[in-house]
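Asks: Please model the entire structure based on the sequences and the hints provided.
Top line first, the protein sequences correspond to chains L and C. Under the working numbering, the first residue of the first sequence carries the number 1, and numbering increases by one thereafter. Under the working numbering, the first residue of the second sequence carries the number 1, and numbering increases by one thereafter.
Keep in mind that the hints were calculated from the coordinates and are not lab data. Since this is a predicted model, take the numbers as computed values, not measurements. A portion of the hints provided could be inaccurate.
Unchecked claim - Straight line, CA to CA, 20 Å or less: simulated EDC-like cross-link-like pairs of lysine to aspartate or glutamate:
1. K198/L <-> E37/C
2. K198/L <-> E23/C
3. K209/C <-> E189/L
4. K103/L <-> D82/C
5. K209/C <-> E37/L
6. K103/L <-> D129/L
7. K209/L <-> D186/C
8. K69/L <-> E37/L
9. K69/C <-> E37/C
10. K198/C <-> E9/C
11. K103/L <-> D119/C
12. K198/C <-> D129/L
13. K103/C <-> D82/C
14. K103/C <-> D140/C
Said to hold, decoys possible - Quick list of the computed label-pair ranges, beta carbon to beta carbon:
15. G63/L <-> K168/C: 37 to 45 Å
16. R62/C <-> S34/L: 53 to 61 Å
17. G36/C <-> P46/L: 40 to 48 Å
Said to hold, decoys possible - Just a few of them, taken from the derived set where beta-carbon distance is under 7 Å, the chain C residues facing chain L:
18. R20
19. A39
20. D40
21. G43
22. V44
23. A47
24. Y97
25. A98
Glycine residues also receive a C-beta, built at the ideal position from the N, C-alpha and C atoms.
There are 2 protein chains.
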Amino acid sequence: MVKTLRVPEATVTRLSIYSRYLERLDRNGVTSVSSGEIADGVGVSPAQVRKDLAYFGEFGTRGVGYNVKDLMRYTLKILGLDRHWNLVMVGAGNLGYALCTYKGFNMRGFSIVGVFDNDLTKIGKRINDLEVLPMESMPDIIKDHNVRIGIIATPTRAAQEVADYMIKCGMQAILNFAPLPLTLPDYIEVRNVDLSVKLEILTFNLGFKSAQNV
Amino acid sequence: MVKTLRVPEATVTRLSIYSRYLERLDRNGVTSVSSGEIADGVGVSPAQVRKDLAYFGEFGTRGVGYNVKDLMRYTLKILGLDRHWNLVMVGAGNLGYALCTYKGFNMRGFSIVGVFDNDLTKIGKRINDLEVLPMESMPDIIKDHNVRIGIIATPTRAAQEVADYMIKCGMQAILNFAPLPLTLPDYIEVRNVDLSVKLEILTFNLGFKSAQNV
DNA sequence: TATATCATGTGAAGTAAATAACATTAACTG
DNA sequence: CAGTTAATGTTATTTACTTCACATGATATA
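Replies: Take a look at the structure:
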């Protein structure tokens, strides 16, 4: 039976964390796990774990717990990770380079199949087995590799224009690393990864603690 | 009057966004702004903007709005960004390199003053004007530069050990880029930046839309 | 100086999320 | 095979967050 309740984004976020934790348990040969153990492992409450899973069905056995491999597969499937996802990226600077070589994406079934830049000094360079291409090549790559998600790793000033172009090329979702809120049509899925926001939460919190500083 | 109410983390996150938006307005020569304009600029509701600010005081003028430069300074001060913050980082791989050269940190008053690695092939290399140092050098750098915050940009398997070492060296807060929940004492402030979680929120959401795929 | 307009600040109302509590079912024990 | 323990799934409760609505104070206008 499919639950049609709206799922909180926080739940999806935690699901991603759970599934990675389950992969680790599985690699370590653990076959069974309880909501309490998952909770301890990722730093939430056991009730939260069960509640999150309850949005999608019943995956455990009362009195026993969860089968690690099964729950891992279920969570991956829920997240849409039971398949392979091809991505394109714009921005071949240091951040773009780091993201292209980031193992964490591959481990979750993501492949960056095209890297684009408008900087002539960057076009033609190689990142792993990819050549940095001019922006005009994007439509072909997208078509050839069935790409639906684009990553923006450009300087802030270019981000909006790049996003607009991506949408023109048919992208349905954008992961934006530029610290700028993008203005896009509602039907486009966008999430921002702002590298310094979390840092500023830390400085905010440290502000209430003993300064002991210069 | 100081409000002692607990401030939601979501509010702090938005404050960080507001303050960057205000900096942009200020650079563009805008001197006055309303909660509605801020709201439109960053994609939240006007009431939300006012509520967020209300946790910290009254910064506007009724009937008029906010002075851009003043509000910018207030928000920066609230976030603890009215001062300079020195950081250390462990992990001189591609991600570490990208973070070291990331302009967004400098623009907000952050400086990475030490980069460490235990990989002998990386130690001695230069990133900008910094030399990659062995882990043993961390305590001296921290003391010399009054560092309170550490960044972890290592492979997942090293992250916990690095975090423990940072705390031994006196760090009070950690920004962790490794996709692994760290187990640390309560008095340490930790935030994780997981590069693929947001990507998986996108795939989750795309899962409910027309597949049109292979 | 009265009047109209504007936009903040805030208490109240509404919504959403997290936690607690417990009934249910499975496994183990003697 | 009854009794005990364990851990899920789910309802109820509490807490937290957001939105609404409006009184308040400021500016502009005639």
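Asks: It remains to establish, for every hint, whether it holds in the given structure.
Replies: Here is what the structure says about each hint:
| no. | hint | verdict |
| --- | --- | --- |
| 1 | K198/L <-> E37/C | 24 Å, violated |
| 2 | K198/L <-> E23/C | 18 Å, holds |
| 3 | K209/C <-> E189/L | 11 Å, holds |
| 4 | K103/L <-> D82/C | 36 Å, violated |
| 5 | K209/C <-> E37/L | 34 Å, violated |
| 6 | K103/L <-> D129/L | 14 Å, holds |
| 7 | K209/L <-> D186/C | 13 Å, holds |
| 8 | K69/L <-> E37/L | 15 Å, holds |
| 9 | K69/C <-> E37/C | 15 Å, holds |
| 10 | K198/C <-> E9/C | 18 Å, holds |
| 11 | K103/L <-> D119/C | 18 Å, holds |
| 12 | K198/C <-> D129/L | 25 Å, violated |
| 13 | K103/C <-> D82/C | 18 Å, holds |
| 14 | K103/C <-> D140/C | 26 Å, violated |
| 15 | G63/L <-> K168/C: 37 to 45 Å | 42 Å, holds |
| 16 | R62/C <-> S34/L: 53 to 61 Å | 55 Å, holds |
| 17 | G36/C <-> P46/L: 40 to 48 Å | 43 Å, holds |
| 18 | R20 | 6 Å, holds |
| 19 | A39 | 11 Å, violated |
| 20 | D40 | 9 Å, violated |
| 21 | G43 | 5 Å, holds |
| 22 | V44 | 9 Å, violated |
| 23 | A47 | 18 Å, violated |
| 24 | Y97 | 6 Å, holds |
| 25 | A98 | 4 Å, holds |
Checked against the numbered hints given earlier, this structure breaks hints 1, 4, 5, 12, 14, 19, 20, 22, 23; the rest are met.
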